[in-house]
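Novice: Spelled out, the chains give:
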Amino acid sequence: MAGHDALTPEGVAAARGLAAALPDLLVDARRVAGTVAAGWHGRRRAGPGEDFWQFRPFLSGESMRGIDWRRSARDETLYVRERERENAHTVWLWVDLSASMDFRSELAMTSKQNLALTFALALAELLSRAGERVGLVGDAEPTARRDGAEVIAMKLARLGSVDPSHAPTTMRRRDDAVLISDFLGPQAQRDSLFTDLATLESRVHLVEIVDPIEETFPFAGRVDFVDPESGAHLTAGRAEAWRETYLASRADHRQRLVSARRPGWSHTLARTDRPATETLIALCGQLTAPEGGGL
Amino acid sequence: MSGLSFAAPLALIGLLALPAIWWLLKATPPRPITRLFPPLALIVRPKRDEETPVRTPWWLMALRLLIAGLIVLAVAGPTLQPAERIVRGGGPLWLVVDNGASAAPDWQERRTTAAAILSEAGDAGRPVLLIATADGPDTIGAQTSAAEAIRRLNALSPRAILPDRATLLPALDRLAASTPPGEIVALPEPGDNGTAHDFLSGLARLAGSAPVTLAVSSRPAPLAIDGVEQDGAAVTIHLRRPAAGASVASSLRLLDRKGRLLDERPFTLAASEVKADVRFDLPLEIRNDIARAEVASGNSALGVHLLDDRWRRRSVAIVTATSSDAARPLIAPEYFLEKALAPFAEVTVSGQGALSDALKAAIETRPAAILVADAGRFSAGEAAFARAFMEKGGVLIRFAGPRLAASDETQVPAPLRRGDRALGGSLSWSKPQSLGSFSENGPYAGLTVPGDVTVNRQVLAEPGVDLADRTWASLSDGTPLVTASRVGAGWLVLFHVTADTRWSNLPISGAFVEMLRRTVALGSAGAGTRDIGGNAVLPPLSLLDGYGRPAAPTAGVTGLRETDIAAIRPSRSTPPGLYGSDDGFRALNPLKPDMTYLPPDLSGLPGSVHRTGLATEAAIDLSSFGFGLAFLLLLIDGLAVTALAGGFKRRWPAAAAVMIGLALLLSPPHARAADDARLLEALSATRLAYVETGIADIDETSRAGLSTLSRFIANHSSLEPGEPMAVDPEHDELSVFPLIYWPIDSSAPMPSAAAMARVEAFMKDGGTVLFDSRDDADFSVASPNTARLRDMLATIDVPPLEPVPSNHVLTKSFYLLGAFPGRTEGSPLWVEAPDDESENDTGEARPVRATDGVSPILITGNDLAGAWAADEAGSFLHPLVPGSPRQREFAFRSGLNIVMYVLTGSYKADQVHVPALLERLGE
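Protein chains in written order, with the numbering used here: chain A, 1 to 295; chain B, 296 to 1218.
By construction, these hints were calculated from the structure, which means they are not laboratory data. Some hints could be false.
[Unchecked claim] Just some of the chain B residues that point at chain A, by a computed CB distance under 8 Å:
no. : residue
1   : Pro327
2   : Thr329
3   : Arg330
4   : Leu331
5   : Phe332
6   : Pro333
7   : Pro334
8   : Leu335
9   : Ala336
10  : Leu337
11  : Ile338
12  : Val339
13  : Val936
14  : Leu939
We treat Cβ as the ideally placed atom computed from N, Cα and C, and that holds for glycine.
Generate the whole structure from the sequences, applying the supplied hints.
Specialist: In structure tokens form, the structure reads like this:
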């Protein structure tokens, strides 16, 4: 995981690059979040939960158990301590920072990783503004601070690449999870993560980041393909002849990803040649959708 | 026997590698484009494409195979139509090479063929005997090794003679008796003097059963000049060739002794013709200078004809019988004759003593003609002298006169009546007769009859049956004026009037000169030329080699007697050329009219004699062609691969390199057109120019500065300069600019010597160069920039310089200026110092020093352009030092004054006198 990588020179360099990019992305994310915030409706409602929400005057007929005596003792009125409604309070974010994400073709506006980070930070900003708690997969505690974006950014810079095969141990049932990745990693690892999350009855939002070149395969002639993750080579004699089968295989892969969803899960496709706001709006829609046993 | 052969045939084994190359090319794909592609795992190798991971287009494959094949072929050293295998037998090889004059044009081929034969024999280890026929029997040695023979062959050169082969056979006979030849190869030349047939038959006989081969060139024998003649009016050159053949178009040249071309005339020898005459109509003066006639493309001594001084001006002797005329030399007959003869003949007058002595003295000078003015009857001795002279081809021209009229002379062309006939005298009814006509048969045929010639008195010929035939010119009443008769090889000519103007005005008419010229031209032969050596042997002066070029005499050349020159044939000991000394020489020519010049008679040779051709006439080395083509194809291949591997967009540097390579190979330079366009643009307006230093900000300052100055000038004066242009003294035409501003920077590259020479020429032609060291230099201490300037100017001629004196026209040419500031103002402006003399002349009194013309060079250190330079909006680019308010204005004024000075010169200097002049006019 992250800690191990960070000791190697490559890891240090990657972490430095990430740390250098994050402030800019943070600004970007704020901008994006600002655009989206107008349409964002927070869940600031009282309800069963653990955290303090507000005091309100006692209404006759209510259970006495709800009276907060300590507060009530300060003046004439009886107060009821309301707890914040807490059904998917914590949103766990996971940003895939593997090598395959650090890719930008000439057709794209930004690299996949930058887009993913923008999403993550914008979400963190939005969620923390809305008073939600934001957690980072790989990190223990979610944060409830209003400046959640900064916190997440710092955590990202500290943690680096995390490649989880299990849900965070601190994750509670029915927490939301937003997985931002290109989902090109090992299938088995992904499956186990999904199973874990499903067990927690988590609502999972898959944000699949793709580069346009991965969608269109616009190659021709003799092309030597290199996998940035493993460094593996594959030489195509006539790349144009490979297009059909690649696109078929790609669609197949997507199908598998989509069908791996449990009920209530969402899948959003984010292309790096499209503005981040577009996808973020869609994602926020998914997050706030009152569906199933979710919100 | 034509076709391809290879210098290194073993290299052709490389062609076997072509299939391997084909396989490799198939297996080795073009370099792929490497692309990062994260979803690599999703790429499925298509089944169909599995067997053809790479596919080179078939044409690319073919192209590459072609390149490889071409390189292999080129390495093998192909030559087209190489030396043919001539040698057939074994044992000692006799190689008989004709090195006469007709072998000269294709001597190179002959030598190559011979060398090939010799080296073949050498390869086989056979002894050889090299026989050069024109070198005579003495040079036939013993058999040698082939290498030795090749050395000798390389020393051989064609001689200017046709080989006398008859002398060779006995020597060869003796040799064959001791060491019989194993094989004989002969290279006969195309022109033969009649000895070839016997010689070749003899060789065949010597060879016995050994093979005999004749290698005959396909090139026709060279054209030969066998004589040059001049009649009265033109030079005729006789051309000859051994046999009719293809038609020949060439030209004939006449050269003088120094080798200068006097005339060249094309001629065509039709296919069926063997002989041709070419006529040159030349003025007499030029005709006398002819020393050599040659066929322009001949390249053989046979096509050369040398002329000696017998050809030159004919010497003519004038004999007067009496010396009484000497008292009045300007109306004496000799005077008229001398004047008439002078344009075309060398005249000697022998009038001393008795007629017989004079005649004898005259004949001893060996003139072409002797003119005798009014002599009476010749004595028997004199008549014998004269007759002998005429028999040898001389012309005796006699003039009538009172003495002849009174005598009964018989040494005249036609019998004369005693006494003379007076026409138009006071006691006569008849009128002076005019010249009637020239006989069509005589030498005067074709002359225009002058209308102004009148004859008052003449001697009359007795009418006779042949009088009309002997008459060359007659009067209008039919009586003969000039009669002539043939005597031996010469002529006896009588003018029936005096040689002075007593009897007629013929001697002072133009027709007289022409008549005499034609008459004298009849005189020829040895009678006419100066004796230069008599019986003495004339040493060789300048000989001809086989190619017809002058060559120094070699050993074995004996020299010849002048008397023999007519009879002698050119030979090894007396080769063609000039003999004698520079003062007088005789020419012996390669071919005389009576000499045989025929194709060698190869008929009647034994059937065993094998014939072949010279094979080396067009041995073309094809290897460079092969390499060149392979390189070209490689470039095309590069283009094709670039296009295939993703187009030119991504690989434009490589593609550009290939394109440049192709362009260099294929396209003609278009630089000239660009130069012309630039020149036209430069000429479209008067414009200032600056030299580009190559340093961007200096160049930009120069451009902006001159541009702003041009606007300033346009605003303040009637001169509206165009936009300034950058010039490169290395290449650009400078002369179209009046003033070139040259900022000096020590870090800029030093201009080449050629560039400085161009600048010097520009300055000499009236241009002005303004050098600016831009560092406020006072030039007493060398700053880097001034040191560079000194280095630059060291190579050219710079006039003495001085700082602009206060009365220089530069200070007054537009504004009145005391100094010439620029960005700085400490540096003086240097101009050409006037000559000391003019300074003395002008003195102190004159208000303006009138330098004649403009200083070609101005030097300052004030960085003028830096002060002028402004951007488009008009704000100045550089601050001024020290920056007094008027410094900028004065910098512009300096610029305007300099431009005005350059354009108007000293005109402005004269302007200062105008008030004074007007004042003076007013008074």
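Novice: For each hint, tell me whether it holds in the structure or not.
Specialist: Okay, the hints, checked on the actual structure:
With a cut of 8 Å, the hint placing Pro327 (chain B) at the interface with chain A holds, because the nearest CB-to-CB distance is about 4 Å. Interface hint status for Thr329 (chain B): upheld, as the beta-carbon distance to the closest one in chain A is roughly 5 Å, under 8 Å. At its closest, the beta carbon of Arg330 (chain B) sits 6 Å from a beta carbon of chain A; the interface hint therefore holds under the 8 Å criterion. Hint on Leu331 (chain B) holds. Least Cβ distance to chain A is approximately 5 Å, under the 8 Å limit.
Checking Phe332 (chain B) against chain A: minimum C-beta separation of about 4 Å stays under 8 Å; hint holds. At about 4 Å, the closest approach between the beta carbon of Pro333 (chain B) and any beta carbon in chain A falls short of 8 Å, and the interface hint on this residue holds. Contact between Pro334 (chain B) and chain A, as hinted, is supported at the beta carbon level, the nearest pair being about 5 Å apart and thus within 8 Å. Hint status for Leu335 (chain B) relative to chain A: holds, with the closest Cβ pair at about 4 Å, below 8 Å.
About 7 Å separates the beta-carbon of Ala336 (chain B) from the nearest beta-carbon of chain A, less than 8 Å, and the hint is met. Annotation: interface hint on Leu337 (chain B) holds; nearest CB of chain A at approximately 5 Å, less than 8 Å. The interface hint given for Ile338 (chain B) holds, since its Cβ lies 5 Å from the closest Cβ of chain A, which is under the 8 Å cut-off. For the restraint placing Val339 (chain B) at the interface with chain A, the shortest Cβ-Cβ distance is roughly 5 Å, inside the 8 Å limit, so the hint holds.
Nearest Cβ of chain A to the Cβ of Val936 (chain B): about 10 Å, over the 8 Å cut. The hint is violated. Contact between Leu939 (chain B) and chain A, as hinted, is supported at the beta carbon level, the nearest pair being about 6 Å apart and thus within 8 Å.
Figure legend: structure checked against the earlier numbered hints; the only hint not met is number 13.
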